[in-house]
Amino acid sequence: MTGYETILYDKQESIAHISLNRPDYRNAYNIQMRDDFSEALTAVRCDDEVKALIISGQGRAFCAGADLNEFGTAPSQAVARRVRWQRDVWGQLNELTVPTIAAVHGYCIGSGVEIMLLCDIRIAAKDTVFGMPEVHLGMIPAAGGSQTLPRNSGESAALDLLLTGRRIVAQEALGLGQVTRIVPRDELLDTAWNLAVSVSQFPVPDMKYMKQAIREGQDLNLNEGLELEWRLARLAGQG
Amino acid sequence: MKEFATGYSRISLWYESIGDWKAATISLTRPDSRNCIDETMAEEIREACRRLNEDEECRLVTVTGTGDFFSAGRTRVDGGEGSPAERMERLKVADSLASLLMPVLIVLNGDALGHGLELALAGDLRICSEAAHLALWEPGQSAVLWDGGTQRLPRLVGTAWALDMALTGRNLNGTEALRIGLVNRVFSTSELETAARDLAEQVLAAAPIAARYAKEAVKKGMDLSLDQGLRLEADLSVILLSTDDRSEGLASFKERRQPRFTGM
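Protein sequences, first through last, are from chains A and B.
Letter by letter, the first sequence follows residues 1 to 239 in the working numbering.
Letter by letter, the second sequence follows residues 1001 to 1264 in the working numbering.
To be clear, the hints were calculated from the coordinates, so they are not data collected in a lab.
Ideal Cβ positions, reconstructed from N, Cα and C, are used throughout, including at glycine.
Hints may be right or wrong, so weigh each one.
To be verified - Where chain B lies over chain A, by a calculated footprint (3+ residues, C-beta under 8 Å):
no., region
1, 78-88
2, 125-138
3, 146-153
Using the sequences and the hints given, assemble the complete structure.
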């Protein structure tokens, strides 16, 4: 355990665990959390012992979205754009080479959905409510949601959710491919932990190459993707 | 109050106010010919789309059919003047619908077959009557698709279902179409009109520029690599910071009230 203000960071054996920790604000994502999250992700990336990462939330919600008291107050668009890429916490999460597991419960709204969608394996407690209400605030998602949602759920379902901002429950999120497992609330963290243990049994490069082949392959045509897979499998064989 | 645009014979184009917003509807109006697309109807759809894209006030477009069919396809290409390629060009409609900048709601009041389904694929959200059937083949036409079906369908439902429908002419009912993601919701025939209205109201509750940008981010983003898509999203979201509606969205959230968007 280390002294972050807005998250808990823990490492047991080879599994890192980041838990969003502003329970009084339903883990609303604020600037301090962005900075803490970014530091913790740097710690994960630099730690060769880490073989899997779990992301979850403390209290009654995974994450109820961005803290609107803090965001949207940049002095200018130029500053907002610079800050977005200066501390690219979403890129950091997206580029981790170890498997990442999101374990969500309660409210998973806006940035909460986006954090989840940047993870590889997503588990929801039965009680979870999801929503992307940005257009009702005059915004669109800004942590990759407009890209990750259609890539996971298809263009039409993504437009449905983004244009109406409607809320959905865990079962519908499962049907739309936003999560791949639903468990009772009291089994959520155990399930995530068991999955993390399971993926950490494999040689680190194997999981890294599988993740890379599937993710990078999405941006390639089939032949290029097959070549990438072949190249990575041979690298794994040499390791 | 519906305000009809004049000058159309194969379609109706009308405007109405939903809440504070202006919404448009294109209805295919050849019920005696099962709303089949002919050259005149195609030209009218393209013209209506051009007109709607120039209309800064229009926030939402609904496309539906009059009578029992959405559209059972098109008239034969082998009649009429000019070469086959020229006649095909004159029958194309899907790209013009896909070029609309505002959200486009497709209300499948009845069967959408062949070219009719290709038109429906070019919209954003599709809702369907449970009595409707959807298929890529239409009676009396070649199986060859040329109004976007081979590209838009697999992008919506995946390769497996697209090939099944393209190669076998497989006909799906509303429930099956819902399961594979070809439509977003299914309603009984009697509920469809109310459901369409409800959905239109839901979409119109969004800030207008944000809704357009969300559409652009998703649709353009799907043609880009993830990295480039993330860049597009970031740029669009930064632009939105300058809008009045962004300030109003934040203010309404803090004051726990409904936002009053202006589209500025």
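Cross-check of the supplied hints:
no.	hint	result
1	78-88	holds (count 4)
2	125-138	holds (count 5)
3	146-153	holds (count 6)
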